[in-house]
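> Those sequence lines, one after another, are chains Z and P. First residue of the first sequence? That's 1 in our numbering, and the numbers climb one at a time after it. First residue of the second sequence? That's 1001 in our numbering, and the numbers climb one at a time after it.
FYI, nobody ran anything at the bench for these hints, they're computed from the structure. Among the hints, erroneous ones may be present.
To be verified - Computed spacing ranges between beta-carbons, pair by pair:
{"no.": "1", "chain 1": "P", "residue 1": "Val1340", "chain 2": "Z", "residue 2": "Glu200", "range": "26 to 32 Å"}
{"no.": "2", "chain 1": "Z", "residue 1": "Asp261", "chain 2": "P", "residue 2": "Asn1185", "range": "36 to 42 Å"}
{"no.": "3", "chain 1": "Z", "residue 1": "Gln248", "chain 2": "P", "residue 2": "Val1340", "range": "31 to 37 Å"}
{"no.": "4", "chain 1": "P", "residue 1": "Lys1190", "chain 2": "Z", "residue 2": "Asp282", "range": "39 to 45 Å"}
{"no.": "5", "chain 1": "Z", "residue 1": "Arg252", "chain 2": "P", "residue 2": "Thr1047", "range": "45 to 51 Å"}
Idealized CB from N, CA, C, for every residue including glycine.
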Amino acid sequence: MAALTQGEITTARAKALSFLSGNQAGPAQDAGAASGWFPYKPGGQASLEATAWAALALREQKDRAKSAAFFIVGSQNKDGGDSTEPGAGRSDWNSGPAMLSLRLLSAQNDELANHPDVKRSIKKGLVHLLDSRTEFYGAVGRLILLLYKGPGALAYARGWPWHPGCFHWIEPTAYCLMALKFPQVPDVELYDRVIVFANEFITKNVCVDGGWNHGNARTLGSDLPSYRLTTAEALLALQDLRETATVQGAVRYLHGLAGEDSSSLSLAYSALALSAYDVSVDKELSYLLKRQAPDGSFNNAIVQTAVAALALEAKLKPERHILRKSGSKS
Amino acid sequence: MSDADDMNRRDFLKVAAATTAAATAAGAMEGCTARKEGIKTFDQEATAAQKARRKQGRSQVGLLACENYDQDIFETIKPHLSGLKLPDLKNKAVVLKPNMVEYREGKPVTTNPAVLIAAIKLARHLGAAKVTVAEGPGHMRDTEYLLDSTGLGKACKDMEVPFIDLNLDDIVELDNHGGFTKLDNFFLPKTIVEADAVISVPKLKTHHWVGMTCSMKNLFGVVPGRKYGWPKNLLHIRGIPQSILDLQYLVKPAFAFVDAITTMEGDGPINGTAKQMGYIAVGLDLAAVDATCARLMKIDPHELDYIKMAGVVVGNIEEADIDVVGPIVATIAQAYQMPVTFTAGNKELLKQAGQQGS
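Using the sequences and the hints, build the whole thing.
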């Protein structure tokens, strides 16, 4: 398989961004405005996740990124979280992608960074992430644990659920971890502890083949296989553990799939994740570009196209990789 | 779903706290023990309103012989359709919902593409003006991968039928007051809510959390991941039987077209092994279809919580109330190896369901 040329990658990215631009709901210039959003599919309802990823892909187009950011701010629920669509019930897993996007956009745009509504939204959103993790024990239960086993008993691996009140799973935990780690971990010790527990939840649930699936590495005595996509998402979230055997094993697992074609989403996330670990992604991108439609989209979908555009950007300009962990604190 | 409507977290925490204390006393507190104990068991009585939703009169289930997938299944079963009371779909927008929960090479996890093609042809034969295939895979959000790997995407393309990913579809809030899950509202995909008829096209399999999965359990796939995630853990936390029953009422499927040709036994619905059955099961009453399919597997439907309750609130599950068109069930039934969770002494394992996928 011949490596792609810079020109091919540049053209593919430009077409992807054009597709995204054409699917943004009307321009919004103020926080709270109900436009600037993206749907999952052309013509669909607003999606916080799609808006989050599309805004990151289009961040060089400041007006578009700004209007998407204001949509995210305006959609935030009272508790600081986000729902899949504004008004669609309690805050859910979309809080992770929404906060990830808002923090990264704000870090690269002074107007957003200094806007009081944006600053307030980020502050509330970060607190929500702390409060929305899966909890196994009630207050009394935690007190009993503390008295019976000491403080160490409360230091258990713990991530985030898809939906409030449910079990924790790999993907929402990865999204929320990314939201806390990018652009930098907030300079408050509590966040460090939360990250340690969430990192531990993911690393403890690694599958026997080295990657991750939805979160059940083993069920009823059987080892279950990894998924390519979930492994890539987890790797993006675990870059602070890049020297560990678990993460290195997962990188090997994911890189070992490079010769296999897959879906747009799996290929795009794989390329984004592996490039963050300085691993060649030429094969993934070659397969990926074969899936690009004439209109620039991947699978006619916003998230796929946005993540693909980010992966292509990371190939073209490694120094601008949006999800490459710097490791420093804010 | 408003804050007040959704899961009452304080209630959960009370349960968790109480069970934590108990576990502490027993010296057995580890990890998620309290959470496991928080999983709802199915000990509910049906209300009068729930009972009123039940189908009245007798039910019919067709068992149509079909040995394998290497044939035009619709042409094979077509001669027998006149004996079945199938609905008139003339001018209707029909949604076919196959099972595409996950992909495992060599394992019969999903509805076979040949069966989906037969169901598409049947819908058109019954007059459907528009046929759509729709599914919201339960474990993997990578639907494009699943469509490619299972062959279901190619089946849709070959039949020129659009596919809708229900996990990412537009959503509509539906009232669920009085439901078994105690959730006052459910967000469901617009494609399902606006369809004139939804046809459940499942794969017949054993299931380690509820015994078997067929046409009713298949409707878990209509619950959108964009709201509830992958897996759709809320349905497990709220009780799998309860969720299955609420979805029958919310979705109101028109009929079932079951892939019972190559089925799954053992550790289903994902990790089991193939078992040849050689039939397509068809019927308007999904409770009757599932009860009949259970009998094909030599499973007593009364032993499965959700089918037993479906007999109270959905339709008929008693043999005496079901007219089978086809062979006598007992003559073709085969004993299926049940999941370890349904063998003697292992039912405690069912408490793991809240922290497991399908």
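> Can the suggested window of 31 to 37 Å be confirmed for the beta-carbon pair Z:Gln248 and P:Val1340?
The hint (31 to 37 Å, Cβ to Cβ) holds, given that Z:Gln248 and P:Val1340 are roughly 34 Å apart.
> Taking 36 to 42 Å as the hint, is the beta-carbon distance of Z:Asp261 and P:Asn1185 inside that range?
41 Å, holds
> Honestly, do P:Val1340 and Z:Glu200 meet the 26 to 32 Å range at C-beta?
29 Å, holds
> Evaluate the given range 45 to 51 Å for the C-beta pair formed by Z:Arg252 and P:Thr1047.
55 Å, violated
> With 39 to 45 Å as the target window, see if P:Lys1190 and Z:Asp282 comply at their CB atoms.
Holds, since P:Lys1190 and Z:Asp282 (Cβ atoms, about 40 Å apart) stay within the stated range.
Going through the hint list in order, the structure does not satisfy hint 5, though it satisfies all others.
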